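Novice: With the sequences and hints as input, model every part of the structure.
Taken in order, these protein sequences are the chains called G and Y. Counting from 1, one number per residue, gives the positions in the first sequence under this note's numbering. Counting from 1, one number per residue, gives the positions in the second sequence under this note's numbering.
Any given hint could be a false lead.
[Unchecked claim] Capping the alpha-carbon separation at 27 Å, the derived lysine-lysine pairs in BS3-like fashion look like this:
1) Lys22(G) - Lys221(G)
2) Lys91(Y) - Lys58(G)
3) Lys239(G) - Lys110(Y)
4) Lys355(G) - Lys66(Y)
5) Lys299(G) - Lys66(Y)
6) Lys66(Y) - Lys86(G)
7) Lys324(G) - Lys282(G)
8) Lys403(G) - Lys419(G)
9) Lys76(Y) - Lys40(Y)
10) Lys244(G) - Lys40(Y)
11) Lys249(G) - Lys239(G)
12) Lys84(G) - Lys110(Y)
13) Lys40(Y) - Lys15(G)
14) Lys66(Y) - Lys239(G)
15) Lys91(Y) - Lys244(G)
16) Lys282(G) - Lys393(G)
Since the hints were derived computationally from the structure, they do not count as laboratory data. For clarity, every value in this text was computed on a predicted model and none was experimentally measured.
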Amino acid sequence: MTSLKLHKNHIDLSKDTLPINKVFDVVIVGSGAGGGIAAEILVQSGLSVAIVEEGAFKTAADFTLNEAQAYPDLYQEAMSRKTKDKGITVMQGRTVGGSTTVNWTSSFRTPEKTLNHWSEVHGVSGFSSEELAPWFKKVEQQLNISPWPIPPNENNSILEKGAHKLGWSAARIPRNVRGCANLGYCGMGCPIDAKQSMLVTTIPAAVKAGATLITNARCQKLIYRGEVVEHILLSPVDKNHQAKNSLVKLACNYVVLSAGAIGTPAILMRSKVPDPRALIGKRTFLHPVTSVLADMPDKVNAFYGAPQSVYSDEFLWRDGVTGKIGYKLEVPPIHPVIGSSIIPVHGEPHSQMMKRFPYFHASLALLRDGFNESSIGGQVELDRFNEPLLDYKANGYLWEGVKSALLNMAELQFAAGAKRIRPFHMDAQWATTWPAAKTMIESLKHQVVRTSLFSAHVMGGCAFGDSPDNSVVDSTGKSHFFNNLSVLDGSLFPTSLGVNPQLTIYAISAKLASGLSERLK
Amino acid sequence: MLTRRQLMIWSVSSLAAFSGGTAVYQLIQKEDFESIETDKYQFLTDSDQILFLSIAPVVLGDTCLKLWTQQNVSFKTILTLIDNAIVNFSKRSQQEVRELLDILWNRAAKLLVARVWTSWTDADATTINNFLQVWRESWLVTLNQGYQALQQLIIAAYYSKTESWSLCDYPGPPIQR
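Specialist: Printed below as a string of structure tokens:
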């Protein structure tokens with residue numbers, strides 16, 4: 001892997017220059033789940049491909065498993081990215097492999113209910129469970145996705161134990177790993193290349209097959225004439241991950257945007273692409289995450305072991321597809337920097353809590369946004385620096401789900417033996433019994449910033465569908481406006497999913513990229 | 001004529017020396033205030049340094065401070081860690097942090113918004129804690145956001161340091177590089 005950095009097809013734009021007068025058949029912007037899959041498929045069909053990545057080329061040898069280094073190196077805005085009102089912390093990768101390099105490896109197929117909803121309500125065609133099944137199978141084989149066969153770590157076991165005690169569903173999570181050593185540091189980059197991210201699979205394969213990888217390069221805008229994109233403009237990115245003022249031109253015959261559900265709409269908006277129905281960047285979904293901390297009697301050591309290996313879908317469809325917001329229960333790994341900074345107290349009360357750090361378990365609920373008319377998601381905007389900003393406003397519909405999920409998680413944690421629990425909310429206190437926790441949680445008033453919300457799943461903003469009235473691209477991923485531009489990433493989704501999104505992005509991108517390669521040959 | 005920096009240092013060495021036993025200043029090394037380093041940091045200005053050296057001991061608390069003393073970690077390390085974090089933020093976030101810090105150094109805002117009546121260097125721990133609590137508990141979301149920004153910057157910086165991990169009994173990564 002290390003040698004790939006020195007490969008003649010790797011251009012680090014912070015210090016190298018682009019080849020003069022080269023016109024690529026396809027430029028793919030973004031090397032994450034969508035771009036990575038697309039790159040390999042398109043280059044194998046004989047097309048000349050360039051992959052543009054805003055982040056640096058970091059590999060296993062660079063991954064020190066130290067948060068202080070990992071977050072600035074591998075995450076957007078050093079993991080400080082938040083929604084406009086600071087209500088939701090948004091964790092997104094920014095490195096070769098995108099978020100696949102830093103995700104926690106959970107690999108679920110898209111729920112059939114979600115795909116049916118897309119077809120029935122959003123006019124997406126060609127993506128029934130049956131139509132996607134071969135693509136899921138292909139990617140699952142390629143990335144070695146299968147349920148985790150090793151006993152879950154204690155953090156995940158608590159979720160499983162609590163669910164079983166209460167008679168709730170719980171199952172093991174399929175993971176994209178090969179030779180995983182159960183270390184627990186997936187979020188800081190896999191140090192042994194066990195995680196089958198784009199960093200170690202499709203990107204090296206594409207580069208070896210002739211694709212050019214351009215790193216430390218931010219796509220600023222598309223330059224187009226009429227309905228044809230003629231070239232794109234890139235800015236080099238400096239050591240502090242800031243785009244420099246200079247612009248360089250990259251010419252191509254076709255553009256694939258795979259910059260993620262914040263980055264892709266931002267490129268279209270910076271380019272002032274015609275958007276008569278004002279759809280670009282709208283309906284951006286997050287799976288907002290609410291969480292409860294539990295202090296367990298025995299050490300949990302939630303920093304070690306596969307971060308996510310157990311889930312419960314007991315409440316995912318609790319009121320049908322389009323009723324009250326449903327949620328998936330999982331757990332997060334807990335490391336000191338992120339674990340300490342999300343406890344919303346200071347001084348001695350904070351350090352006294354931190355003394356119990358190895359005994360902490362946390363449950364989380366991913367709220368399935370976008371299925372109800374009260375759940376319209378966020379809007380990507382450009383700030384005064386022309387950089388993207390997500391305006392996502394929590395409302396009563398979401399807060400109802402947050403309260404319900406907090407209650408379920410607290411009950412589960414006591415069922416699993418917690419000594420005390422505390423929701424991530426500025427007004428929450430420790431509760432030592434389930435009845436006391438119930439009373440406390442029911443009294444909490446939910447509002448922005450006071451209720452801690454997180455997201456690692458940004459979706460939507462360039463929805464696909466058959467009609468230009470409600471979608472930015474068609475069901476093949478091709479722009480309704482441009483003749484030579486497609487979107488292949490999570491921004492295609494008309495709603496959130498109800499599951500961690502990587503496998504859905506892989507499968508949909510594989511299907512669409514295969515179709516694209518046929519059209520471009 | 002005294003420069004602004006000299007004035008700030010004068011303020012520390014004169015006023016703080018006569019303040020009561022609970023001055024935050026006394027919780028940390030006197031030389032931290034006296035050796036403010038212009039141009040050492042990419043983002044933090046002289047006044048930012050004084051602000052963080054005043055506020056951070058209260059955000060962290062005695063247990064955290066004592067551990068660094070025992071581990072021979074200079075308290076000023078917190079400034080390097082905070083500076084390193086901020087320079088990787090988006091330009092917009094950097095500007096927001098700049099506005100927050102400038103407000104806290106603005107005399108009128110300090111009185112009206114932060115309710116801190118003395119200079120930051122002379123403010124005792126109780127005063128600073130009250131300021132943090134007021135911002136935390138305020139019905140104004142803007143003040144809650146300000147509290148969150150200061151609290152997260154300082155706490156994250158502290159726990160990013162290997163020498164802090166014994167406080168939370170974290171053994172560190174299983175692979176050392």
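Novice: Hint check: Lys76(Y) vs Lys40(Y), CA-CA at most 27 Å. Holds or violated?
Specialist: holds (12 Å)
Novice: Hinted pair, alpha-carbon criterion (27 Å max): Lys91(Y), Lys244(G). Please report holds or violated.
Specialist: Measuring from Cα to Cα gives roughly 12 Å; hence the hint holds.
Novice: Take the C-alpha atoms of Lys91(Y) and Lys58(G), compute the straight-line distance between them, and say whether it is at most 27 Å.
Specialist: Cα-Cα ~23 Å, so holds.
Novice: Mind checking the alpha carbons of Lys66(Y) and Lys86(G) for me, to see if they're no more than 27 Å apart?
Specialist: Not OK: Lys66(Y) and Lys86(G) at ~32 Å, beyond 27 Å, violated.
Novice: Are the Cα atoms of Lys244(G) and Lys40(Y) separated by 27 Å or less?
Specialist: holds (23 Å)
Novice: Regarding the pair Lys84(G) and Lys110(Y), is the alpha-carbon distance no greater than 27 Å?
Specialist: holds (25 Å)
Novice: Holds or violated: Lys66(Y) and Lys239(G), Cα atoms, limit 27 Å.
Specialist: violated (34 Å)
Novice: Do the alpha carbons of Lys403(G) and Lys419(G) lie within 27 Å of each other, as the hint requires?
Specialist: holds (21 Å)
Novice: Has the given pair, Lys324(G) with Lys282(G), been kept, meaning a C-alpha gap of at most 27 Å?
Specialist: Cα-Cα ~21 Å, so holds.
Novice: Between Lys249(G) and Lys239(G), is the straight-line Cα distance small enough, at 27 Å or below?
Specialist: holds (21 Å)
Novice: Just to be careful, I want the Cα atoms of Lys40(Y) and Lys15(G) compared with a cutoff of 27 Å; is the pair within it?
Specialist: Measuring from Cα to Cα gives roughly 26 Å; hence the hint holds.
Novice: Would the hint linking Lys299(G) and Lys66(Y) be met if the CA-CA limit is 27 Å?
Specialist: holds (25 Å)
When the structure is compared with the earlier hints, violations turn up for hints 3, 6, 14 and for no others.
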